[in-house]
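> Two independent chains are provided; combine them into the complex using the hints.
Below are the chains, spelled out letter by letter.
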Amino acid sequence: MPTNGPRPPRRRRRAFLLLPIVPVLALVSAVWLPFVNSDRLWLGLPALFVWTAVWVLLLTPTLVAVEWGFYRRRGAEDPR
Amino acid sequence: MTALAVCVSGMVLIGVLGFLGRTGRYTDLAEWTVAGRNFGAFTVWFLQAGETFTTFTFLAVAGLAFTGGAAATYAIPYLPLAFVALYFVAPVVWRLGKRHGYLTQADFFSERYASPLFGKIVAVLGVVFLLPYLQLQITGLGLIVRLVTGNASSGVFSMVLATGLVVAFVLWSGIRGVANTAYLKDALMVIVLVVLLIVVPLHYAGGIEHVFATTRTVDPAMLTVHAGKFSELWWLSSVLVSAVANACMTVPHQWPGVLSARNERALRLNAVFLPVYQIAIMIPIIIGFTGLLVLSKTVDSNGVLLTLTAGALPGWAVGVVAVAAVASAMVPSAAMCIGMSTLVARNLVRPRRQRGAVLVNHTVVVVTAGLALVLGILRPDLLANLLLLTFSGLVQFAPGLVAALGDRRLLSKGPAILGLLAGEVVVVWLTFNDVSFWQVNPGIIGLACNIVLAVGAQVFTRTIRPRCRRVGAAPT
Numbered sequence: 001m002p003t004n005g006p007r008p009p010r011r012r013r014r015a016f017l018l019l020p021i022v023p024v025l026a027l028v029s030a031v032w033l034p035f036v037n038s039d040r041l042w043l044g045l046p047a048l049f050v051w052t053a054v055w056v057l058l059l060t061p062t063l064v065a066v067e068w069g070f071y072r073r074r075g076a077e078d079p080r
Numbered sequence: 001m002t003a004l005a006v007c008v009s010g011m012v013l014i015g016v017l018g019f020l021g022r023t024g025r026y027t028d029l030a031e032w033t034v035a036g037r038n039f040g041a042f043t044v045w046f047l048q049a050g051e052t053f054t055t056f057t058f059l060a061v062a063g064l065a066f067t068g069g070a071a072a073t074y075a076i077p078y079l080p081l082a083f084v085a086l087y088f089v090a091p092v093v094w095r096l097g098k099r100h101g102y103l104t105q106a107d108f109f110s111e112r113y114a115s116p117l118f119g120k121i122v123a124v125l126g127v128v129f130l131l132p133y134l135q136l137q138i139t140g141l142g143l144i145v146r147l148v149t150g151n152a153s154s155g156v157f158s159m160v161l162a163t164g165l166v167v168a169f170v171l172w173s174g175i176r177g178v179a180n181t182a183y184l185k186d187a188l189m190v191i192v193l194v195v196l197l198i199v200v201p202l203h204y205a206g207g208i209e210h211v212f213a214t215t216r217t218v219d220p221a222m223l224t225v226h227a228g229k230f231s232e233l234w235w236l237s238s239v240l241v242s243a244v245a246n247a248c249m250t251v252p253h254q255w256p257g258v259l260s261a262r263n264e265r266a267l268r269l270n271a272v273f274l275p276v277y278q279i280a281i282m283i284p285i286i287i288g289f290t291g292l293l294v295l296s297k298t299v300d301s302n303g304v305l306l307t308l309t310a311g312a313l314p315g316w317a318v319g320v321v322a323v324a325a326v327a328s329a330m331v332p333s334a335a336m337c338i339g340m341s342t343l344v345a346r347n348l349v350r351p352r353r354q355r356g357a358v359l360v361n362h363t364v365v366v367v368t369a370g371l372a373l374v375l376g377i378l379r380p381d382l383l384a385n386l387l388l389l390t391f392s393g394l395v396q397f398a399p400g401l402v403a404a405l406g407d408r409r410l411l412s413k414g415p416a417i418l419g420l421l422a423g424e425v426v427v428v429w430l431t432f433n434d435v436s437f438w439q440v441n442p443g444i445i446g447l448a449c450n451i452v453l454a455v456g457a458q459v460f461t462r463t464i465r466p467r468c469r470r471v472g473a474a475p476t
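Protein sequences appear in the order of chains A and B. Numbering-wise (the numbering used here), the first sequence opens with residue 1 and increments by one. Numbering-wise (the numbering used here), the second sequence opens with residue 1 and increments by one.
Same shape as in the complex, but just chain B (with noise of 0.2 Å):
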């Protein structure tokens, strides 16, 4: 009960924070986006660390390492990598946003390709791709908030008021409201970790230099990555994609983040100073080898995080690791609506007046977060199979994001799409037919479908083309 109460009034608080972001009026979709392109370094690096750290950190990472032991260890370095990438992309994402006034992912695209069809493809696969994602997060709270109480009403009832209160915040203060409960969230998160990595593997087997002394005693094979499911194979091509996906601001909620920053050297700053913040995502993964050493193997893995807690806490200490965990859903969350709405508003459907556009951006905002809690609630499965496509089948948009960042543009659209709809076709049929060679990510068979077909239309295009038109000009 205490950690109910405890845990409510966190939700309430992010909530209030969020609101409390809004500076002033709203007048366009330009001010509620990207903040009039005003943040300083400070506020960007709490939104694009606050858009990394989701529920994912919390119970999955920790649930990998439970079941699969290092294997979980991919999770450390994709999104430093990512960061270095990030480094030399994102300034130049943000010149030519500056330039020409992009909003979101899918103006990237119909402007630099001078192709409103490019973007309106990018959009439709940006909210399909993402809309799993945002379930997940309202899910994985109702998961945080049940296994907390161990009530599953409680669970139902916190990814309601969880919804309703992002939604709220969202919608009155956009960006705005998303970086203000970010400074909680990320400040939350670090004082937790930090407690949680000295308090479980203390409270269960006598510190953390013990978990892994005994387990290389009795399961040394967890301490390495090696044949089987998860392989080497599966490992890099995880770390792959991830960092790719994450380097190419394939994922459409990293734009608002960076669009928003005042200069490029906010973000060359935070991409130098982002990848130590990433270093705390082993605190899950040592907690999951705990976990290994006293848990049964039938225990739920997403819970084993939570499960070690409540045994090692008292109950109002579990509320604030619970406040800490719905956070990281949370404020994501928040981001995810912002970058599904604005596609639409901006890309798809694209009202004449600025008006009609916010209207419309905020009637998605509620469309997606109550369709995204309706299923979470009544079918939490249905939405599974598309969330393994999320990463694998965003990460398509790489090629041609990469291809239009400089002066000359690489690819012309058609190749451009072509190869975007080979790779997410390959990437379906991987998926859904559970075709796997060798562990590899389905997302980098795809990707390397992508380019080789991009390139070849490409080529096709500039050389043999041209050259059936001088034939066939040609008089005879």
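Just chain A, with the same shape it has in the complex (with noise of 0.2 Å):
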């Protein structure tokens, strides 16, 4: 649904774009993260599962910033 407001520049709306990558990088480079990759528990449980259950919860904002950010201010309309 298109917002009421001014359009914002397409450099900033692409911006958002990019923020999926902040939680893409740190759920592949786990097992190489030394505090991440360790014997050690977060919380009660092994920090490996913590690191990635707390990235994976944030895919969601950032797909949600993107649909906001990107497609809703695009105001683009879904053919149905």
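Heads up, some of the hints might be wrong.
Which residues of chain B face chain A? A partial, calculated answer using Cβ under 10 Å [said to hold, decoys possible]: (1) G69; (2) P80; (3) F83; (4) V84; (5) P220; (6) L223.
Keep in mind that the hints were calculated from the coordinates and are not lab data. Only a predicted model underlies this, so the values are computations on that prediction, with no experimental measurement involved. Glycine residues also receive a C-beta, built at the ideal position from the N, C-alpha and C atoms.
Following this line, the structure appears as structure tokens:
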């Protein structure tokens, strides 16, 4: 659904597309981070579990931000 | 006996729900396969989630945690990573599918590359790689019933019953039947997994915290991914091959779910929220760790979850867990039947009349499910080697798909086919000769060869060959 406010510049809208890169990099690098891939427990769970779970959960807000910042602001209507 | 009764009742209930999915008379494949492209976000959610949680989730992930410890964590991020890419890819595929009337994965390759041959190659490889996966579901289903009843013949009986029910409701209701059963399957699975998360660690180790605290004392290496059979490179390449395979929609039965969406927004919305759902895969991993502490190493790793469940819950509750596990075999099996049958009817046999296409399609459903069942009972190991190829083989479709998503194709059909076939040859060679390079998944090595050859051939055809032609054409 398009917003009523002024459309932000295209460059700023496209910056939203870069947001998911952060959790993606955090997930694929997990086993190479010594403080993550270790036998220590965080909140009673292995650090690797907590790290992957947190970053997986953060994927959703970053994609919500892309949806809101890129697609909605672009005012793209889906064909029905 | 109670568990078997609950299990059989659950299977029949799934079958009935599948039958009730039908809404009218199906006159063409489009209605049967993609429900007239009219599903909203809610239904597409269950279709997409239903395809991702299979018997693998219930049995193999817990088994991997039991044998490899933290190595099993590779199963947590790969689907969420795939959904990030699918957020962008699925709407493009859906748009192209609506414009050109795709019903199958091979339709995409056939149309985008203007090459029915490419479509046929993709269809053949899709069926070859998916058939062992279908057999795995049926064999897994038999294993589940055998484990909860302790009776081998009830395992075989349940395999026959479940396959018969799946074939019947798929023929009757098509994808609407799959959607109807997926609602029950996912609701049941979430409830069962949450109950198991609480009960199993508490019963055997005094709680989740104790499971990991004891593991840290007894065998701390199991809490890390380290050098050996399940090294860091194994972990990363396994994540990547599974993520790319799902992200690039290389699995044939992903297509009906995506193409059945009413609009692009439904697909984007699901890609946003489906990663949260994948967190549930941590539960079988935690149960696998519990097994590590209390079970003998000689226990069949695939049976860890159900063995622990049987020791912690009463018979009827074990039956309910088995129904959830059985549903996680039946629903994806139904989707696979639709994926494979449409590939054959649309892209290989291609009857001229709509009626003929429906007939071929339905015949293929019966033949593939029957074949998977017979092999699952008589020769369960026959397709086992092919199963090793399923994801590493299917992921070879990725470069060809990505290159053809945009308005301007990045690869011509020749280089794309060459890359695909080269990738498959490399994967087959590495897998069957048991060749391993630092535990890197063969699919990734095949994919690298695939991309290098396809790009190289593309550069050759775009630059060198026209020059040769010009030179050849020049008067001497």
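> Holds or violated: is there a CB of chain A closer than 10 Å to the CB of B:L223?
Hint on B:L223: holds, closest Cβ of chain A at ~4 Å, below 10 Å.
> Would the stated hint for B:P220 survive a check requiring a Cβ distance to chain A of less than 10 Å?
Hint holds; B:P220 Cβ to chain A Cβ min 4 Å, cut 10 Å.
> Closer than 10 Å between Cβ atoms is the bar; does B:F83 clear it against chain A? Give me holds or violated.
7 Å, holds
> Please verify that hint: B:G69, Cβ, nearest Cβ of chain A, below 10 Å or not.
9 Å, holds
> Report holds or violated for the interface hint on B:P80, using the least CB-CB distance to chain A and a cut-off of 10 Å.
Status holds, d = 5 Å.
> Against chain A, with CB atoms and a cut of 10 Å, does the hint on B:V84 hold up?
Because about 5 Å separates B:V84 from the closest Cβ in chain A, which is inside the 10 Å limit, the hint holds.
When held up to the earlier numbered hints, the structure conflicts with none and fits them all.
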